[in-house]
Amino acid sequence: MYPLSHIYVSSQILDEMDASLALGSVLPDVLVGTGILWRKAHHSTGEPFQEHLHSPSLRIGAALHGIDLPGLDFFSDVSYAEGKGYAYQKAVHIKQDIMKLGVKQEHALWRGHNFVEMAIEIALNNQHSQFWRYLEQGQQDDNLMAQIARLAIELEATQPDAAPLVLDRFLTIRGQKKDLAQDYATKLNRIYSLAVEPAQCETIITKAMELIEPDYRQFLNSSIRTIQLALADSTL
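FYI, the numbering used here numbers position 149 of the sequence shown as 149, with every residue one higher than the one before it.
Keep in mind the hints are simulated off the structure, nothing from the lab.
Glycine residues also receive a C-beta, built at the ideal position from the N, C-alpha and C atoms.
Do not rely on the hints blindly, as some may be mistaken.
To be verified - Below, a list of computed lysine-lysine pairs in the BS3-like style, where the Cα atoms sit at most 25 Å apart:
1. Lys84 to Lys95
2. Lys178 to Lys207
3. Lys177 to Lys187
4. Lys84 to Lys207
5. Lys177 to Lys40
6. Lys177 to Lys95
7. Lys177 to Lys207
8. Lys100 to Lys187
9. Lys84 to Lys104
10. Lys40 to Lys84
11. Lys95 to Lys207
12. Lys104 to Lys187
13. Lys100 to Lys177
Claimed, not checked - For each label pair, taking beta carbons as the anchor points, the in silico distance ranges come out as:
14. Thr186 to Ala146: 27 to 35 Å
15. Thr235 to Glu210: 37 to 45 Å
16. Gly83 to His54: 36 to 44 Å
17. Leu165 to Ile191: 30 to 38 Å
18. Ala195 to Leu229: 40 to 48 Å
19. Lys187 to Gln96: 17 to 25 Å
20. Gln218 to Ile191: 39 to 47 Å
21. Ala232 to Thr203: 37 to 45 Å
With the sequences and hints as input, model every part of the structure.
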């Protein structure tokens with residue numbers, strides 16, 4: 001899921017929000033941006049997280065994001081309602097649109113699920129944009145950022161100093177459709193040597209927004225309730 005989605009869900013699980021929790025809530029994706037493999041970064045209750053994240057809410061936020069607890073990305077990416085993750089279930093309906101961009105078939109669902117996540121991010125940003133300020137505050141906190149840098153090194157990041165740049169990107173895009181489309185078109189073109197126009201991505205995002213509208217709130221609320229129960233039973 002995209003940054004504001006994670007911050008919003010953490011706020012609903014704990015009924016609070018601050019800079020440390022906001023930063024923790026996006027931390028696994030920040031780590032991916034430093035060159036750590038997705039699955040390694042999203043096993044976010046492991047020993048390295050416990051050892052190097054001294055701020056409790058930074059640790060909790062990372063756990064609420066990842067796939068161990070389970071956190072939100074478990075339900076978005078791995079499993080939801082006895083099927084694949086919610087975003088992957090919806091991506092089936094835009095798979096052909098993704099392939100028309102030039103993405104090979106075996107990557108179409110993977111890339112498509114990102115469009116579903118963008119759609120949720122836009123919907124939440126339209127209602128809850130006030131949460132961005134907590135991420136801004138977290139980025140400016142030298143102590144929190146130092147903990148992230150140490151964790152990135154421990155997890156063998158290829159670019160351990162890149163966390164501030166990843167956060168800059170999050171805070172520049174801020175759940176805006178045009179910026180999300182531009183960012184993703186650039187990503188697809190870099191990875192697959194394509195010539196995708198941002199407008200093409202924007203069209204697919206719009207379709208994804210229509211797909212999620214009937215039930216994305218149900219998905220979020222169900223995930224929030226399940227994560228709350230898992231957190232209550234955990235030792236975090």
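Cross-check of the supplied hints:
1. Only pairs whose Cα atoms come within 25 Å are accepted, and Lys84 paired with Lys95 is accepted, the gap being roughly 15 Å.
2. In summary, the hint linking Lys178 to Lys207 is supported, as the alpha carbons are separated by about 14 Å, within the 25 Å threshold.
3. Note on Lys177 and Lys187: the hinted pairing holds, with a Cα-Cα distance of about 15 Å set against a maximum of 25 Å.
4. Proximity of Lys84 to Lys207 is assessed by CA-CA distance (about 20 Å); at most 25 Å being required, the pair is judged to hold.
5. Between Lys177 and Lys40 the CA atoms are separated by roughly 29 Å; this puts the pair beyond 25 Å, and the hint is violated.
6. Note on Lys177 and Lys95: the hinted pairing holds, with a Cα-Cα distance of about 20 Å set against a maximum of 25 Å.
7. At most 25 Å may separate the alpha-carbon atoms for a hinted pair to count; Lys177 and Lys207 meet this at roughly 12 Å.
8. Annotation: proposed proximity of Lys100 to Lys187 holds, straight-line Cα distance about 16 Å (limit 25 Å).
9. With a C-alpha separation of about 20 Å, the suggested pairing of Lys84 with Lys104 holds against the 25 Å cut-off.
10. Annotation: proposed proximity of Lys40 to Lys84 holds, straight-line Cα distance about 20 Å (limit 25 Å).
11. Distance hint between Lys95 and Lys207 is fulfilled; the C-alpha atoms sit about 12 Å from each other, no more than 25 Å.
12. This hinted pair checks out: Lys104 and Lys187 have alpha carbons roughly 15 Å apart, not beyond 25 Å.
13. For the hint pairing Lys100 with Lys177, the CA-to-CA distance comes to about 20 Å; that is within 25 Å, so the pair holds.
14. Between Thr186 and Ala146 the CB atoms are about 30 Å apart, so this pair conforms to the stated range of 27 to 35 Å.
15. For the hinted restraint 37 to 45 Å between Thr235 and Glu210, the CB-CB distance of approximately 42 Å keeps it satisfied.
16. The hinted window of 36 to 44 Å between Gly83 and His54 holds, with their beta carbons roughly 38 Å apart.
17. Between Leu165 and Ile191 the beta carbons are some 18 Å apart, a value that contradicts the proposed interval 30 to 38 Å.
18. Checking the proposed 40 to 48 Å range against Ala195 and Leu229 shows it holds: the Cβ atoms sit about 47 Å from each other.
19. Distance hint for Lys187 and Gln96: a CB-CB separation of about 20 Å, consistent with the stated range 17 to 25 Å.
20. Checked against the hint of 39 to 47 Å, the pair Gln218 and Ile191 fails, with Cβ atoms roughly 33 Å apart.
21. Distance hint check for Ala232 and Thr203: the Cβ-Cβ separation is about 42 Å, which falls inside the suggested range of 37 to 45 Å.
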